[in-house]
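Novice: Okay, here's what each chain looks like letter by letter:
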Amino acid sequence: MRLDVILRIATKIFLPFIFMFAIYVQLHGDFGPGGGFQAGVILAAGVVLYTITFGERKAKEYFPEKLFEIMIPVGVLIFLLTGLYSLIHGYNFLDYTAISHHGTHGQHLGVLIIEMGVLITVSGSMVTIFYNFINRD
Amino acid sequence: MILLTLMAIVVIGIIRFKNLFNVIILGSIYSFLMASILLVLDAVDVALTEASVGAGISTVLMLSALYLTKRNENPITHNQIWPLLIALITGALLVFGTYGMPEFGIINTPMHNHVGGEYLARSISDTGIENVVTSVLASYRGFDTLGEVTVIFTAAIGIIAILKKTKTKVK
Amino acid sequence: MIIINQFIASYNYFIIIFLMIAGLYIVVARGNMIKKLIGLSVFQTSVYLLYISPGKIIGGTAPIINDNYTLYSNPLPHVLILTAIVVGIATLALGLSLTIRINEEFNTIEEDEIFNKEEL
Chain A
1 MRLDVILRIA
11 TKIFLPFIFM
21 FAIYVQLHGD
31 FGPGGGFQAG
41 VILAAGVVLY
51 TITFGERKAK
61 EYFPEKLFEI
71 MIPVGVLIFL
81 LTGLYSLIHG
91 YNFLDYTAIS
101 HHGTHGQHLG
111 VLIIEMGVLI
121 TVSGSMVTIF
131 YNFINRD
Chain B
1 MILLTLMAIV
11 VIGIIRFKNL
21 FNVIILGSIY
31 SFLMASILLV
41 LDAVDVALTE
51 ASVGAGISTV
61 LMLSALYLTK
71 RNENPITHNQ
81 IWPLLIALIT
91 GALLVFGTYG
101 MPEFGIINTP
111 MHNHVGGEYL
121 ARSISDTGIE
131 NVVTSVLASY
141 RGFDTLGEVT
151 VIFTAAIGII
161 AILKKTKTKV
171 K
Chain C
1 MIIINQFIAS
11 YNYFIIIFLM
21 IAGLYIVVAR
31 GNMIKKLIGL
41 SVFQTSVYLL
51 YISPGKIIGG
61 TAPIINDNYT
71 LYSNPLPHVL
81 ILTAIVVGIA
91 TLALGLSLTI
101 RINEEFNTIE
111 EDEIFNKEEL
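Just so you know, the protein sequences line up as chains A, B and C, in that order. With the first letter of the first sequence counted as 1, position 31 gets the number 31 in our numbering; the numbers rise by one all the way through. With the first letter of the second sequence counted as 1, position 2 gets the number 2 in our numbering; the numbers rise by one all the way through. With the first letter of the third sequence counted as 1, position 26 gets the number 26 in our numbering; the numbers rise by one all the way through.
Relax, there's no trap hidden among the hints.
Output of the computed footprint for chain C on chain A, the stretches with three or more beta carbons under 8 Å from beta carbons of chain C:
#, segment
1, 27-37
2, 128-136
Here are some chain A residues the structure puts well away from chain B; computed CB gaps all over 10 Å:
#, residue
3, Leu7
4, Ile9
5, Ala10
6, Ile13
7, Phe14
8, Phe54
9, Glu61
10, Phe63
11, Pro64
Simulated from the structure, these hints should not be mistaken for laboratory data. Where is the CB? At the ideal position from N, CA and C, for every residue including glycine.
Modelling step: build the complete structure from the supplied sequences, incorporating the hints.
Specialist: Printed below as a string of structure tokens:
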């Protein structure tokens, strides 16, 4: 094909590690630096790297545009519904004690859930923005 | 201190260069320097975000926007005195304002004696989360974060509305 | 001597102010839209420093609770700036998309040329 063999092989090698690192940053947010925002952006960066090396059409087979567009509102909804859940159960909005009463377990779970919501929205919107920019040719 | 000086030099470069490609790459360098400074200032979470957002995604977006538009900036034609004057007057006022600011790195400042220390003391017993930044972000100030996620959502929707190519054909 | 010490103790503020007025100058003086957006982001980044640098305590560590340390820097500005960065990229992307649309419509991204074309 073209002369970018090294680039393509390197992308293939690096991509699992980038996604792995994103998941690590996401789940390790309680104990070290990290969280939904950073993980979402790193995840989006992996998709952007794949799109740049392999071209638009092949990238959209593995990472369909529709999926990322749906992810944007889903993340916000996860966040909102978590808040409403505690509201329905008689606590303040976004008070995670409603989820579990064993000490700080509820707080841990709540933080994990809303970080997941943040991750979904951020990565979805970043990839959608990038796809829309390159579509505009 | 050296890093701060380097940042000032990079910004002078950003002002001087006419080729927008150079300017964007300098902007990326600027973001990396900013991330290192934030790391020195103990803001590890912010440094991670700045390195991935400022130097990664925003550079990619800028370059793809540049690909769709023009490569070079036009030479300046109109008068440069007024913008410079406005900037200098603002700068002088701000320098005057620094006399009221606390010195760098001392502990007895107003911002350390209020809510910040409270978060540090109570995070473990309230939430059981070691990283105070995460606990404040997600738990104490969860409503703030919800609003912020909504801002990103709105921006993404706006970009889809502006740029998405619709399939309906104009006749 | 006192003046030099004062200067070093406030050096971070001077650099922040320089970055701020540089960003302001780019936004006001340059006509190119992408350059304006970069100036805006330089301005924004200087505000990050303005928030974070007073939160640092010399001898403190990052605000991750551990038994080995007792002195931590202030976590509150970190949280505020963390959200500000991500909002910043979202608005920057929105501005870039508007620039792309303007380029398609007017075939230029220089302010003066757009004004000239509108007058015709």
